[in-house]
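Visitor: Go ahead and model the full structure; you've got the sequences and the hints to work with.
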Amino acid sequence: MPGPKMAPSPPPGPRASGAARVAPGREGGGQRPRAASLRALGKGSSRRGHGGLARRAPPHQPRRVAAGLRGHAHADSGLQGPLPRRAALRPGPQQDLKAARVSSAAPRSCPAGPAQARLTPPALPSSPEAQGVISGAVFLIILFCFIPVPFLRCFVEEQCVAFPHDEFVELIGSLLAICCMVFLGFADDVLDLRWRHKLLLPTMASLPLLMVYFTNFGNTTIVVPKPFRVLLGMHLNLGILYYVYMGMLAVFCTNAINILAGINGIEAGQSLVIAASIIIFNIVELNGDYRDDHIFSLYFMIPFFFTTLGLFYHNWYPSRVFVGDTFCYFAGMTFAVVGILGHFSKTMLLFFIPQVLNFLYSLPQLFHIIPCPRHRLPRLNPSTGKLEMSYSKFKTKNLSVLGTSILKVVKILHIVDVRSGTDENGEYTECSNMTLINFVIKLIGPTHERNLTLLLLLIQVLGSTIAFSIRYQLVRLFYDV
Numbered sequence: 001m002p003g004p005k006m007a008p009s010p011p012p013g014p015r016a017s018g019a020a021r022v023a024p025g026r027e028g029g030g031q032r033p034r035a036a037s038l039r040a041l042g043k044g045s046s047r048r049g050h051g052g053l054a055r056r057a058p059p060h061q062p063r064r065v066a067a068g069l070r071g072h073a074h075a076d077s078g079l080q081g082p083l084p085r086r087a088a089l090r091p092g093p094q095q096d097l098k099a100a101r102v103s104s105a106a107p108r109s110c111p112a113g114p115a116q117a118r119l120t121p122p123a124l125p126s127s128p129e130a131q132g133v134i135s136g137a138v139f140l141i142i143l144f145c146f147i148p149v150p151f152l153r154c155f156v157e158e159q160c161v162a163f164p165h166d167e168f169v170e171l172i173g174s175l176l177a178i179c180c181m182v183f184l185g186f187a188d189d190v191l192d193l194r195w196r197h198k199l200l201l202p203t204m205a206s207l208p209l210l211m212v213y214f215t216n217f218g219n220t221t222i223v224v225p226k227p228f229r230v231l232l233g234m235h236l237n238l239g240i241l242y243y244v245y246m247g248m249l250a251v252f253c254t255n256a257i258n259i260l261a262g263i264n265g266i267e268a269g270q271s272l273v274i275a276a277s278i279i280i281f282n283i284v285e286l287n288g289d290y291r292d293d294h295i296f297s298l299y300f301m302i303p304f305f306f307t308t309l310g311l312f313y314h315n316w317y318p319s320r321v322f323v324g325d326t327f328c329y330f331a332g333m334t335f336a337v338v339g340i341l342g343h344f345s346k347t348m349l350l351f352f353i354p355q356v357l358n359f360l361y362s363l364p365q366l367f368h369i370i371p372c373p374r375h376r377l378p379r380l381n382p383s384t385g386k387l388e389m390s391y392s393k394f395k396t397k398n399l400s401v402l403g404t405s406i407l408k409v410v411k412i413l414h415i416v417d418v419r420s421g422t423d424e425n426g427e428y429t430e431c432s433n434m435t436l437i438n439f440v441i442k443l444i445g446p447t448h449e450r451n452l453t454l455l456l457l458l459i460q461v462l463g464s465t466i467a468f469s470i471r472y473q474l475v476r477l478f479y480d481v
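Using the UniProt record's numbering, the first residue of the sequence shown is number 1, and each one after it goes up by one.
Quick caveat, the hints were computed from the structure, so don't treat them as lab data.
Among the clues, some could well be false.
In silico lysine-lysine, BS3-like type, Cα no more than 27 Å apart, as pairs [said to hold, decoys possible]:
id	residue 1	residue 2
1	K411	K386
2	K198	K393
3	K442	K393
4	K442	K411
5	K397	K408
6	K393	K408
7	K395	K411
8	K395	K442
Bear in mind the structure is a predicted one, so any value in this text is a computation, not a measurement.
Guide: The following block contains the structure:
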């Protein structure tokens, strides 16, 4: 039986800016404004993402997003074409109930949207987001194809005494941890997770890694540094605390790169420098007692370096792609894998000197002792085209005693720019956001984004140089080498 006839749609006419379009109604029901359906379906939409349904932008507004500072902004995702028949035509409380469910779930099931605004020149078209997932996928494909290579000798019976199951488990467990982190990083880019989730998810992804260490090694005894041997002896068994340390190391590595980010090329660039430093260290140590561990590390670091190099090329200023949190998590977990299973976690942490300094510098804001905005990117001055320090603004009376003391100390040391009484009533205080990027801008003044990235990468190279000096020279003060 044929369904009810639909009233003919009105002929297309000029579209007024901000005017609501109408959708065809049921037979005999006339026409009902489309804005009502939009309001019902998109009431709970989030400004950060594409939650709900939004009106299409007027034709005079260009649908483009400026390139520049890395963020998660997306081009306008306005509704295209007429509403689906069910959404537009089904009236009554049943539709309202379903619309409420959709609108409540939409903010958490849609892309993160303009959580971080891109502030650099608006002349460039919008760029793809979260392209770290491409780099991670290529890396995983390469290593999946590489899995049989270390065990080729076992395909010939005369050359294989016993299959090295421990090495195979290491390789598979490492790939599982990295694969989990790529997936969780992409989920962060899409869902814009909270900070507590960013601490929990790397911990979960590190569980395969810790289980591999437990089954293959299980050694939790460390060599005590010379200054503490009088109290603790030559060796100390940490027990479960050693696994806690490795889990915290995985969490730190994944988030350390993520909080030193926000400008074109910095995430991929710092990862390239760290990866190159680890590769050099592995090659130098191939003649040592732990040759197999460093060969295992090279299995991961060489493909990682070259896949990241391609991403860095496209992410360099002015970037054509944005790496997203996916790459930060993927890179951090890869470093954690080789550091833990390669048994050189202390040396690997030395290659993270700039990240450690940035973390320590950011602690008052990360623990909300001093108010911390969601995004601490430097601010672009449109008139000069240069990046300037970004600030956190808050009421002075809302600051705790500890926060007030910290602000006084950092102001005396001139490591943070503090402005008191910035409003007419003198109730508000502003302080520059506590990141290494802002600190560099404070030292050298407003600068172009490309120059700022170059300077930060030089700091990363300097950190690796210091790390090698500590590893091969100053280490004699603490260990017998």
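Visitor: Run every hint past the structure and note whether it holds.
Guide: Verification of the hints:
1. K411 <-> K386: holds, 25 Å
2. K198 <-> K393: It holds: about 25 Å lies between the C-alpha atoms, which stays within 27 Å.
3. K442 <-> K393: holds, 17 Å
4. K442 <-> K411: holds, 13 Å
5. K397 <-> K408: Holds, because 15 Å separates the two Cα atoms, which is no more than 27 Å.
6. K393 <-> K408: Holds, at roughly 16 Å.
7. K395 <-> K411: holds, 17 Å
8. K395 <-> K442: Judged against 27 Å, a Cα distance of about 23 Å means the pair holds.
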